[in-house]
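> Could you build all of it, start to finish, from the sequences and the hints given here?
For reference, the chains in residue letters:
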Amino acid sequence: MSAASLGVFLCQGGRGTADSLEFKQLRWAAEAAPGAVFTVAQSCQAEGAQAIARRIKELGLGAAVVGACPLLHHPGQLSRALAAEGLNPDMATVLDLCARAEGERSGACAVAPGAAAALSQALSSLAFSQELGQEEMAVSTRVLVLGAGLAALMAARSMLDAGYEVVLLSPGKRLTPPEPLLGPEAAERAGELASGLEEASGLGLFRQGRLLSLGGTAGQFTARIQDRGGETHALELGGVVVAQGPPLGLNLPPGIEPNERVISLSELKGLASAPEHLKKRLGEGPLKVALAVGLGRQSDPLTLRAATLAAMELAQDPEREVVLFTGNAKVAGPGLERLTQEARGLGVVMVKFTSGGLRLNAALPRLALEWDEEVLGRVMADEFDLLAVDQVPQPDDDYRGLAGTLGLAVGRDGSLQPEAISALPLASGRGGEWLVGPARGQGEPMRWADEAADAARAARQLLGRGAPLAETGRVLVDRKRCTICLTCVRVCPQGAMDRLFRRPVSNPLVCTTCGTCAAECPMEAIQIVGLEDERYGQEIAAAAGQSSGLSPAGERGLLVLACANSAAPALHAARLKGAPLPPGARLITVPCAGKVDLDMVLEGIRRGFDGVLMLSCHEDACQSLGGSTWAARRWEHLGNLLEETGLGRERVFRSGVAPSQAVEARGAIENALAALAELGPNPLKTGARVREMLSRFTLEMDDTFAIVS
Amino acid sequence: MAEKRVLVIGGGVAGATAALELAEQGVPVDLVERDDFLGGHAAWLACKAVDQCLKCNGCLSEPRLTATAGHPLISLHRRAEVQSLTATEQGYQAVVCQRPAYIDPERCTACGLCLEACPALEDGAIRLPRLAAESPRLAIDPEQCLYFKDGRSTVCVDLCPEEAIDFRQEDREKALEVSALVLATGFTPFDPTPRERLGYGRFPDVVTAFELERMLRDQGRAIRPSDGRPANKVAFIQCVGSREVAGNNYCSRVCCGYALRLGRALSGRQGCEVAVFYMDLQSFGHAVDDFLDAAASELRLIRSMPYDVYGHHQGGLRVDYQPGEGQAPVSEPFDLVVLSVGLSPNPANQALAKLTGAGLDESGFLDGTGRDGVFLAGTALGPMDVAEAVASAGRAVEQTLGYLEEMQP
Ligand SMILES: Cc1cc2nc3c(=O)[nH]c(=O)nc-3n(C[C@H](O)[C@H](O)[C@H](O)COP(=O)(O)OP(=O)(O)OC[C@H]3O[C@@H](n4cnc5c(N)ncnc54)[C@H](O)[C@@H]3O)c2cc1C
Ligand code: SF4
Ligand code: SF4
Ligand code: SF4
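Protein sequences appear in the order of chains D and G.
First residue of the first sequence? That's 1 in this note's numbering, and the numbers climb one at a time after it.
First residue of the second sequence? That's 1001 in this note's numbering, and the numbers climb one at a time after it.
If you're looking for bench data, these hints aren't it; they were derived computationally from the structure.
Small disclaimer: the values here were computed from a predicted structure and weren't measured.
Ideal placement from N, C-alpha and C gives every residue a C-beta, glycine not left out.
There is no bait here: all hints are sound.
Each computed DSBU-like pair below joins lysine-lysine, with the alpha-carbon atoms no more than 30 Å apart:
hint : chain 1 : residue 1 : chain 2 : residue 2
1    : D       : Lys269    : D       : Lys279
2    : D       : Lys577    : G       : Lys1149
3    : G       : Lys1174   : G       : Lys1354
4    : D       : Lys288    : D       : Lys269
5    : G       : Lys1354   : G       : Lys1004
6    : G       : Lys1233   : D       : Lys352
Example chain G residues on the side facing chain D (calculated, C-beta under 10 Å, incomplete):
hint : residue
7    : Ala1049
8    : Glu1106
9    : Tyr1250
10   : Met1279
11   : Gln1282
12   : Gly1326
13   : Phe1365
14   : Ala1391
15   : Val1397
16   : Gly1402
Far from chain G by the CB rule (all over 10 Å, computed), these chain D residues:
hint : residue
17   : Ser20
18   : Leu126
19   : Glu136
20   : Ser140
21   : Glu165
22   : Gly204
23   : Gln208
24   : Arg224
25   : Gly249
26   : Gln316
27   : Gly357
28   : Glu520
In structure tokens form, the structure reads like this:
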């Protein structure tokens, strides 16, 4: 951007604040940067916005910064005015420089404390902003669906309907393996889907196939698949849907072993629907059957529905006594509450055991069960001929192997989904891989159709019709510095980094420019255009009041590094609610906490800030899935470094907020300021001691570096 | 009609997500929202994290709503409802009736003078949005505004320096030509007032969970509404307006999850002593065993439904319950009682069903069917959480796109 084409518009407010010292300081800060400076009146009004837009057009400005109150942040006003002049509606950056808060009296238009520093900060970062061209990327429009059964078939169908070629990789022989818990309707639906798919054009099918490897990144995956004959096929893929869950195992507590009288609910469903088998198994005469769900781990509505239906089927024979044991009866499925009422009406006895669960009295020949009855508050016992229990996902080595091939980790209960809440509903830790149904660790067919269709929607978003537009060249890897240690490939929370001709390259289709790779790269070989280390260096200097010659004298000086996904919106909301940034705090917005590296924090301290606060998403809530986790690790390291230098870790703070937490975000800043007030000013401000301390730190770094290289 | 537009009814998280994803696919959308602001119920939910995220889904809606509010392909019609839907050659003509804003968004600078002066502010005569991206920032509620009651107050009209307020505006009708529509009109939180024994409406310190969510969101902590003091001992009563044979005879699916998380947030952040009265804990899905173990260690989980909630003459509330059959009843004091209200069907469902040809299920939710080109999303279909509502919106988008592709001109 050529410097001459920048315009800085400063709103002088409705009641003429132009004569105040603060406004003059604002002007000085603006004039220190290359660009023309204008004063406008009432930019919050449509007329004010129109005047700005006209001026930009008249002078042919290339970019504009408008210093105003938060009201101009409201979508529309300025953008509309710019569009009306035929200009790019996003060309102007609006800065909140006003002390006035929404809901405060209108007379009080005034320049906010620290506005001058905020303005020079914005002007310095603007010099780095760069528009990159969009390019069409060549991607494959073939999608691999992993799994068999209803969820996988739904996913394959949705992808075909959305116009993608599908390769369905079924681990077993059948596309419709028995899923007795789903019931006859679901089996019928699965059957229909399977026969429809078998005839569909655009579907490639591997039964008993195996995924050997999956390289590359979203849109450009390369898979090797082994077919049942042992032959290997190489395929290019745009995306992958994982609809395959871990194998199921009996949900038994310690102390009860499966045997011919302790069987799975699925097996019971088979027996119950074929009375002769049941008779063969248990003999003639009256029968006492216990069904138990949620004995080991918690169960779910799908299982309760299946168990209730099985119990009702058994109870039709008046000779049979049927008891359904539940811990927490998971009735949260449609019509399920009614179904359990109906079951009771049919004579099914429903019993809730407490945390003690069901115990087996091994001393007795029949199945003697004991449980703590919660409502009655005592121990109960009874004898049964048969006990049927539910099944829960129990990942085995094969499943872990598959997850490894997919580049995913198996979670605590077999789910492949990352811990971060923002992955919901179906993202995995690798862009272009979507998780559906059992792969998410939960089995509820009523949701699978939604998830399968949503995966197809996600594929459209990512792949389009095969030539999606993407901004290339945002993440730059310096070939001279990069030692191909592949740290970036490992840490990228989106799986966006790949090796191309042995060099790491970021895939713009899935990169969120979170900056984790740049911060983690031990060689500092990665820069993100517009978010360079240099930009933040300058911004920190400006925020410290040092680039414009303004010093934050008398202020305590807290540098707030705020994540753009959580903390920045929360602080904006606080601002709108009438709680602007407290005096003494300076805000720098980072794309994600993942971008915050040690240099940034140390630079803040070197520039004289008394302390640094990083405001990120909460742990496990990172919008870029893993950036804040890496940032938290670095923070530990940072604390140690600061201890070593003698500055102490008390000057750096870290806190998590959600975008809705305006109160908490403000509170975290106030707490940090209060802590700094206790600690007193940054000792680095006092010159020599500083350099001495820093040199120790630098020396150590140099030593380490020498050993490394 | 040159382009195929889609009408989305309801601007909650489901409707907004559907509108956003359609727009991202290049389809222009008319989003009709009955309220003054976007977001529906999800926009009121509080974050329940205690350092670590408790996975309440509360923050899933914010980015989607913000993107919806600013999307160039989405025309937002706030304060609007669809009056009629007539089949046309290209799809439907929807006649939309829009209530007036009374505040000119081009003029209002949200200076707040009217807020300061409004005599009925406490009653909610002037409303503010949840979402920072929302514009305009103020809305007048004619139900509460004194001017509309008896023409008495025109304080704000006289005071507004921008002359932005005009009470003479009238309803407007617009006709929208669309090819398909997504119905995402959501749910209604159960109103516990008729359950007199629970004390709601009689004792200010008996609140609904929805009110607690808003309290946490706005103030960051739980207080006793009666005196503004922090609530130290809190009871949650589950299944209020759910699992009733004679009422809403279904489980609302989300209330156990939100109540346990709210309880853990109160315990972890404010050191509250929390008791949860329940029948069955519905939490399921990802890492549920760890979650329930943690809940059990931090909260008192009591499997019993209280039968009486009342104010004590020495202050505070009492909750009467029987810990177990044959055991002596207990009367325990609490500062705050939170009713975990369920998800009731939107009372407009019958009218909406008639409008769109949708069917109703036995509980009064829409059943997923409808006239050609009508697709459904979110809690209009039945209880679900935010993540599920988002996935269901994704499905409605796929269905709509498929439908639009098939209806070649
Ligand atoms: C107390 C409480 C706490 C909760 N906590 C959580 C939680 O922690 N986590 C979680 O995941 N979920 C929670 N939920 C559930 C969550 O609120 C819902 O999943 C979510 O709001 C559903 O979104 P929706 O868009 O389907 O419906 P809604 O939020 O109801 O949105 C529907 C929208 O449609 C509009 N509308 C209605 N009728 C019409 C009409 N006729 N014309 C035009 N517009 C109309 C409404 O104004 C509204 O904006 C909670 C619910 C409650 C009651
Ligand atoms: S910026 Fe973030 S998403 Fe992009 S390649 Fe680097 S680590 Fe991955
Ligand atoms: S607790 Fe809820 S709102 Fe807070 S970060 Fe986690 S999911 Fe988001
Ligand atoms: S989710 Fe829990 S509180 Fe809500 S209705 Fe179901 S069982 Fe009751």
